[in-house]
Structure formats: C-alpha cells, structure tokens
Amino acid sequence: MASDQVKLIGAWASPFVMRPRIALNLKSVPYEFLQETFGSKSELLLKSNPVHKKIPVLLHADKPVCESNIIVEYIDETWSSSGPSILPSHPYDRAMARFWAAYIDEKWFVSLRSIQTAEGEEEKKAVLAQVDEGTAILEKAFIDCSKGKPFFNGDHIGYLDIAFGCFLGWLRVTELAAGHKLLDETKTPSLSKWADRFCDDPAVKPVMPDTAKLAEFAQKIFAKPQP
Amino acid sequence: MADEVILLNYWPSMFGTRTMIALAEKNIKFDYREQDLFNKSSILLEMNPVHKKIPVLIHNGKPICESLIQVEYIDEAWPGKNPLLPSDPYQRAQAKFWGDFVDKKVYGPTRLIWGPKGEEQEAGAKEFIEMLKTLESELGDKVYFGGETFGYVDIALIGFYSWFDVLEKFGNFSIELECPKLIAWAKRCVKRESVAKSLPVSEEITKFVPELRKKIGIE
Numbered sequence: 001m002a003s004d005q006v007k008l009i010g011a012w013a014s015p016f017v018m019r020p021r022i023a024l025n026l027k028s029v030p031y032e033f034l035q036e037t038f039g040s041k042s043e044l045l046l047k048s049n050p051v052h053k054k055i056p057v058l059l060h061a062d063k064p065v066c067e068s069n070i071i072v073e074y075i076d077e078t079w080s081s082s083g084p085s086i087l088p089s090h091p092y093d094r095a096m097a098r099f100w101a102a103y104i105d106e107k108w109f110v111s112l113r114s115i116q117t118a119e120g121e122e123e124k125k126a127v128l129a130q131v132d133e134g135t136a137i138l139e140k141a142f143i144d145c146s147k148g149k150p151f152f153n154g155d156h157i158g159y160l161d162i163a164f165g166c167f168l169g170w171l172r173v174t175e176l177a178a179g180h181k182l183l184d185e186t187k188t189p190s191l192s193k194w195a196d197r198f199c200d201d202p203a204v205k206p207v208m209p210d211t212a213k214l215a216e217f218a219q220k221i222f223a224k225p226q227p
Numbered sequence: 228m229a230d231e232v233i234l235l236n237y238w239p240s241m242f243g244t245r246t247m248i249a250l251a252e253k254n255i256k257f258d259y260r261e262q263d264l265f266n267k268s269s270i271l272l273e274m275n276p277v278h279k280k281i282p283v284l285i286h287n288g289k290p291i292c293e294s295l296i297q298v299e300y301i302d303e304a305w306p307g308k309n310p311l312l313p314s315d316p317y318q319r320a321q322a323k324f325w326g327d328f329v330d331k332k333v334y335g336p337t338r339l340i341w342g343p344k345g346e347e348q349e350a351g352a353k354e355f356i357e358m359l360k361t362l363e364s365e366l367g368d369k370v371y372f373g374g375e376t377f378g379y380v381d382i383a384l385i386g387f388y389s390w391f392d393v394l395e396k397f398g399n400f401s402i403e404l405e406c407p408k409l410i411a412w413a414k415r416c417v418k419r420e421s422v423a424k425s426l427p428v429s430e431e432i433t434k435f436v437p438e439l440r441k442k443i444g445i446e
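Chain order of the listed sequences is V and R.
Counting from 1, one number per residue, gives the positions in the first sequence under our numbering.
Counting from 228, one number per residue, gives the positions in the second sequence under our numbering.
Everything labelled a hint here was simulated from the structure, so no lab data went into it.
Given the structure is predicted, the values throughout are model-derived calculations rather than measurements.
Pairs of lysine to any residue residues, derived as SDA-like cross-links and limited to a Cα-Cα distance of at most 25 Å, are as follows:
(1) R:Lys-331 to V:Asn-49
(2) V:Lys-53 to R:Tyr-334
(3) V:Lys-193 to V:Thr-135
Okay, chain V solo, but in the shape it has when bound (with noise of 0.2 Å):
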C-alpha cells in the first residue's frame, strides 16, 4: 500500500541514489535515508540487495527494489496521484526517455567516470574529448526531447532530468580537477540552462551535494597511493 513506510538505503555523495530522492520528493514521500558508510556495506543492504550489494535501495514495507531507474519508475506507478507524472505519457516518449537514460548511464557516465583513472595528458585529453562528444548528443537530446520545454520532461522535471540532472555535481567537481568545461554557454546552451533550473528545483535543492563537498570526498576516493 502505499501508505506503508518506506526506506532509502544510500549515500549522500552517490548520484544514483539521488535519482530516488528527487522522485520521492517530487511525490511528497515521507523516507529515512539510511546512510551507508564509505568502504563497507551494511548486512541490510547486503540482504536487501544479495544480486549487485549496491545502493540505492528502497524498501517499501520492507520490499526491496534495486536499480535506481527502476525505482524512479516504481514510484512513479506506485505513487501515481501524487504530484506530477515522472515518466512521460505517450509510449514512443517513454521509450525516448528510457534510451536516453541508459546511453547516459552506459556510456556517457563511463566515459565521465574514467577521466578519473586516466594516465597523463594525452589519455585525459582523449577522454575529455569523448565525454565531449557524448555532451554534444545530449545537447541534440534535449531539444528533441523538451520541443521547447524548460525540461526534458516538458514543464516539469522528469525521469530524464533526473537521470542526468543527478550526475551535475560530479561534472563540477570533474570540470574543476581537469580545468575543461563540460557544459558551458557556447558548446551546450541548451543543457548549459537547463542544468540551472534542474538545479533550482525544489525537489533536487535538498539532495543536489555541494561542489566543494564533493571535491573533497573525490579527492578521498581518488587519491593515489604515494610513491
């Protein structure tokens, strides 16, 4: 029922589980967040999740669901009359939304991700120039799938906005490490603006991590052992 409680297991540093707390939010869903500790999984996430032992993880009465844009959308169906639709209406929208949502997951995060292992200039400059390449799809993304819209959803933020919205804390952290902006007024001025107003909304203000914050806990995660 969805009166029953429910649970978020996660992490305030990790994108996908923001992707939860921004629907829960959009859906006036009361949660305890249940924060794992950095380098350690917990025994109820390791019995909630046994498959992949990730976060996030919601427990509706106690029911995991796992796969954070899997939970987006189960509670979207699950919470259905409160506040406004997540996914979009029309199937052939949905099915854009959901390919959009796994490129960006399969390979424009990859490619983002890897900046940070990248060995010397020469490999972090082709990395760059991928993540690049995939901004500019995402650029064309966004004006087919807005068609004129403040968001990719239309009017509101939806599924797709949050599947891409949740990763703009980690781009500034990536932008301020490797000196190259990823998203600015020239290359991408439609994701430029739209990256504000995702921002702003009141449903991602309270999860979005701060930029400095995040620096400092990539610096933890990242750092290479000395020599």
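With the hints as your guide, set chain R onto chain V.
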C-alpha cells in the same frame, strides 16, 4: 490507418529475438529486414545513429532502439492482448530488475566463451554458469519467471537458448547438468508459438559461430 512496423535485425541476435517474440505475442505484422553488420545499411545508420546496432524497431517511421526498451514499448503501444509486464508496480520492478540482470551479467560472459582462447574463455564459462544459477534460483519452481504467465523476463532470456549448444561446445560444460530447471523452463517457452517462430535454429547458430570467429580474425 494501418500501422507500419519494420524490424532491422541480424538473425543470430539474442536481442532481436526478444523484439520478434514481443511482436508475435501481440500478433503484430511487421516487415523483417535482415542487416549485414559488416556493411551497415543507410537505414540502420539513420535510425540508430548513436549505437549503430540492431535490433531497431521502426513504428510509423519512428525508431525505437535497445531490445528491452522495444519490448516495453510494444507492451505499451499495443496494450490489451497478452500483457508482457505485470500490472502491479512491485512485480513490474522485479521483472525489469531481472531483465536488466540478463543484459548486465549474462551477455558479457558469452562473448568471452566463444572469443579468443585461454584464461578468458574459462573465466567466461564459470561466470556464465554462475549467472544462470542465479537466474535458476529466481525461477524456482515457477512455470515462467513471472509466475503462471509468460512475459518480460522470459523474453529477455530465451534468445540465449539458441546459443546454448555452441556455448557448451566452446565452454566445455553442460547447462542441463548445471541448471536443469532452467532447461526445463526453456523447453516450456519453446512450445509457445511466438517463441518457436522467433528463435533462431540452434544448429544454425552452432555453424555460424566458427564462421564468425574466422571473419573477425580469431580463428
């Protein structure tokens, strides 16, 4: 106005099989267009510019890419007959989780098994069997993954069945020995008309893989 449905596919693909089964479940007539992946057609490149991969479903001129997204699209665009996903949100989430599991965990190891020899092949075989066992455990004693009704997870996995013989040959294992319940499930699925007419013939796949290996320079 009649719907125009086109499927761009490559016959051995366990992914294209999914879309074909979904279309057959809904009794949707479609124009099947075989693709040469070594010489990609202009329609393929135009309809899937991002990934340049099959299958591509084209519905009234608009492309939908990624097989599980296509299966869900087919279920939503042609609701009513033979629902492919459960209506309960929790059951739907479980179905999508397992479909995603097949994509993330089952496909990768199969590439290692028929790929270049050596350590990778053995590791691939071990991983593949482990993943199948996880799926078998999820199936339990149910008729299909979703219970009594054939659906999304069955569709996600059954395309691999045509590849079992060749994988066993290269991987040097017996899936029937390791996962008997899964084999029993597969045999039940194959009795279904939509599956029988969409699944590539196992013997053809077994002949095809050595040819493919030669073509991509492994052999």
